[in-house]
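**Student:** Chain residues, written in single-letter form:
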Amino acid sequence: MFKTEYLVALQTITNKEVKRFLRIWVQTLLPSVITTTLYFLIFGTLIGSRIGQMNGYDYMDFIVPGLILMAVISNAYSNVVSSFYSAKFQHNIEEMLVAPMPGWIILMGYISGGVLRGLIVGVLVTVVSLFFTDLQIAHPVMMVVVFLLTGVLFSAAGFINAAYAKSFDDISIVPTFVLTPLIYLGGVFYSIDLLPAFWQNVSLLNPVLYMIDVFRFSVLGASDIPLQYGFTVIVIFITVLLGISLRLLSKGIGIRN
Amino acid sequence: MNALEINQLCKRYDNGFLAVKGIDLVVRQGDFFALLGANGAGKSTTIGIVASLVNKTSGSVKVYGHDLDTDPEGVKRCIGLVPQEFNFNQFENVFDIVVSQAGYYGIPRKKALERAEICLKQLELWDKRNEASRELSGGMKRRLMIARALVHEPKLLILDEPTAGVDIEIRRSMWQFFKKINAAGTTIILTTHYLEEAESLCKHIAIINKGNVIEDMDMKGLLEKADEEVFVLSLERPVGQIPAITGSRIEAVDETTWEVSVRKESGIHALFDELSRLGVRVTGIRNESNRLEQLFIKLLAKKEAADV
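Protein chains in written order, with the working numbering: chain A, 1 to 257; chain B, 1001 to 1308.
One should not assume that every hint holds.
Unchecked claim - Below, simulated DSSO-like cross-link-like pairs (lysine-lysine); rule was C-alpha separation at most 30 Å, straight line: (1) A/K3 x B/K1021; (2) A/K88 x B/K1021; (3) B/K1121 x A/K19; (4) B/K1128 x B/K1021; (5) A/K251 x B/K1021; (6) A/K251 x B/K1179; (7) A/K166 x B/K1021; (8) B/K1128 x A/K166; (9) A/K251 x B/K1155; (10) B/K1220 x A/K88; (11) B/K1121 x A/K166; (12) A/K19 x B/K1179; (13) A/K3 x B/K1210; (14) B/K1141 x A/K19; (15) A/K3 x B/K1220; (16) B/K1155 x A/K88; (17) A/K19 x B/K1110; (18) A/K88 x B/K1302; (19) A/K3 x B/K1128; (20) A/K166 x B/K1141; (21) A/K19 x B/K1021; (22) B/K1021 x B/K1264; (23) B/K1111 x A/K3.
What the hints contain is simulated information worked out from the structure, not anything from laboratory work. On a predicted model such as this, the values are computed, not experimentally measured, just so you know.
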């Protein structure tokens, strides 16, 4: 049953999260905008003009969707992992644990914060991309849906990382050694058609590939992989990660003694 | 209805350490209850379980009739917790910390703002409302945690060493505040290392030692168990030989200072009558320590001896 008190608690956590990343916008919103601008400038304009076309699109147009989604993924993830871990580190997570709200409200609050940061950065990067290319969005509604689903998925992943983390090192290991390789090998800069058959099959094990592919479809109207596969993978991952997060909260693993 | 009922509560940590060994406790509604024990005795673990910060291994906890296993939200709604360690976001300002806590309890924002203002004014922190919590002094941080714990108007307030590191003036003003809210109907459970604090505030006392409750009775009854009191006497001039006085035991601290243990049945009058008869003039007197402290040490020593 969804009580009014739960809604108030959810709003409180979400507002707090939004206030936090807006207060430190130079650390949270700006870096992705600058990094992506550099990608557009170097890979899109300078090198891209020599590469020519990729899957029938100008190279600049081809990399824009992947770079936007990369910003959404890394911001949704890092917002939740850093905010939830610092709540654990400073023990102010206890403020929520003593309050009469179920674990899923805490999870929804943190995920909302992650999704909103991902969304804001995604929009900012999209606006920046308009300075480099005449982008026509083929399926705007699908684009927003993929924005949101990807945000939820990586916010949940960030939550799990933070729950298990015992030090600040632990919250940087996964983004550096797992997330970044998955994103870079997920077809942001190339079509998997360029890879030999073996590496194409290996790439299909990378969940980020499906997300970028679906997102590229929503922007350009064409993709490497059938859409239904992409959405199925996203929904499966969201279900699994939310399930793990809720279990961690209900058992108090990494959260309670 | 009892404010708190703990039955056969056990906690074994992942490393195998058994912190709480099947304790039973009852705190009556409206009580001011002291939970005492040495460091590591199991007080904070017990409080952590009641406040849902620590998972129990076995046993049951009921707060105002709500069972922790079947109605944890009902339990949480009744409790306000002031923990031992500062546990607020150091980067948030004072007002936001208290307003957010009200929000976590489902209190709508308009009401949360009103209640936060009342609590911060009660705790004399209203002037500091826009300051980052890390800028506050130690005493102010303690008061901030009390304001935060009271914002949802709990029936049971749990104070885990609320005056640790606070100077005596602020400590006494906090005592007055606790007495006031207890008189207004809030049940209070207090853990403290200042036994003077427990003696002056609490009506009921339980002592935990190594995860077991070794004493649980009303304060008056417990203090009656204290059979002697220690006084420090300042003498007008040095006395050559320490006299032997029935019912008292005298030890010289220096030439003009004596530490005198007086048995309760002998009374302090008998001591002074005898000193007066011997021509010993006393210019000052003070308690060496409070009665509860002596009793506490004695009870723990007795328990240690029994364990050996």
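**Student:** Compare the structure with each hint and give your call.
**Tutor:** Now for the hints, and whether the structure bears them out:
Proposed proximity of A/K3 and B/K1021 is contradicted: the alpha carbons are some 37 Å apart, above 30 Å. Only pairs whose Cα atoms come within 30 Å are accepted, and A/K88 paired with B/K1021 is accepted, the gap being roughly 28 Å. The straight-line distance between the Cα atoms of B/K1121 and A/K19 is roughly 25 Å, inside the 30 Å bound, and the hint therefore holds. This hinted pair does not check out: B/K1128 and B/K1021 have alpha carbons roughly 43 Å apart, beyond 30 Å.
Proposed proximity of A/K251 and B/K1021 is supported: the alpha carbons are some 22 Å apart, at most 30 Å. Of the pairs offered as hints, the one joining A/K251 and B/K1179 is violated, with about 37 Å between alpha carbons and a cut-off of 30 Å exceeded. At roughly 28 Å between alpha-carbon atoms, A/K166 and B/K1021 fall within 30 Å of each other, so this suggested pair holds. Taking the CA atoms of B/K1128 and A/K166, the gap is about 33 Å. The hint is violated against a cut of 30 Å.
Restraint check for A/K251 and B/K1155: the C-alpha separation of about 27 Å stays at or below 30 Å, so the hint holds. Restraint check: the Cα-Cα separation between B/K1220 and A/K88 comes to about 42 Å, which exceeds 30 Å; the hinted pair is violated. Under the criterion of a C-alpha separation no larger than 30 Å, the hint pairing B/K1121 with A/K166 is inconsistent with the structure, at around 38 Å. For the suggested pair A/K19 and B/K1179, the alpha carbons sit about 38 Å apart, so the restraint of at most 30 Å is broken.
Note on A/K3 and B/K1210: the hinted pairing is violated, with a Cα-Cα distance of about 42 Å set against a maximum of 30 Å. At roughly 22 Å between alpha-carbon atoms, B/K1141 and A/K19 fall within 30 Å of each other, so this suggested pair holds. In summary, the hint linking A/K3 to B/K1220 is not supported, as the alpha carbons are separated by about 46 Å, beyond the 30 Å threshold. Simply put, B/K1155 and A/K88 have alpha-carbon atoms about 27 Å apart, close enough for the 30 Å limit, and the pair holds.
Distance check on the hinted pair: A/K19 and B/K1110 sit about 18 Å apart at the alpha-carbon level, within 30 Å; holds. Of the pairs offered as hints, the one joining A/K88 and B/K1302 is violated, with about 40 Å between alpha carbons and a cut-off of 30 Å exceeded. Annotation: proposed proximity of A/K3 to B/K1128 is violated, straight-line Cα distance about 34 Å (limit 30 Å). Between the alpha carbons of A/K166 and B/K1141 the distance comes to roughly 26 Å, so the proposed pair stays at or under 30 Å and holds.
Between the alpha carbons of A/K19 and B/K1021 the distance comes to roughly 44 Å, so the proposed pair goes past 30 Å and is violated. Between B/K1021 and B/K1264 the alpha-carbon distance is near 35 Å, which puts this suggested pair outside the 30 Å criterion. The suggested pairing of B/K1111 with A/K3 holds, with an alpha-carbon distance near 17 Å, which does not exceed 30 Å.
In terms of the numbered hints stated before, the structure departs from hints 1, 4, 6, 8, 10, 11, 12, 13, 15, 18, 19, 21 and 22, listed from lowest to highest.
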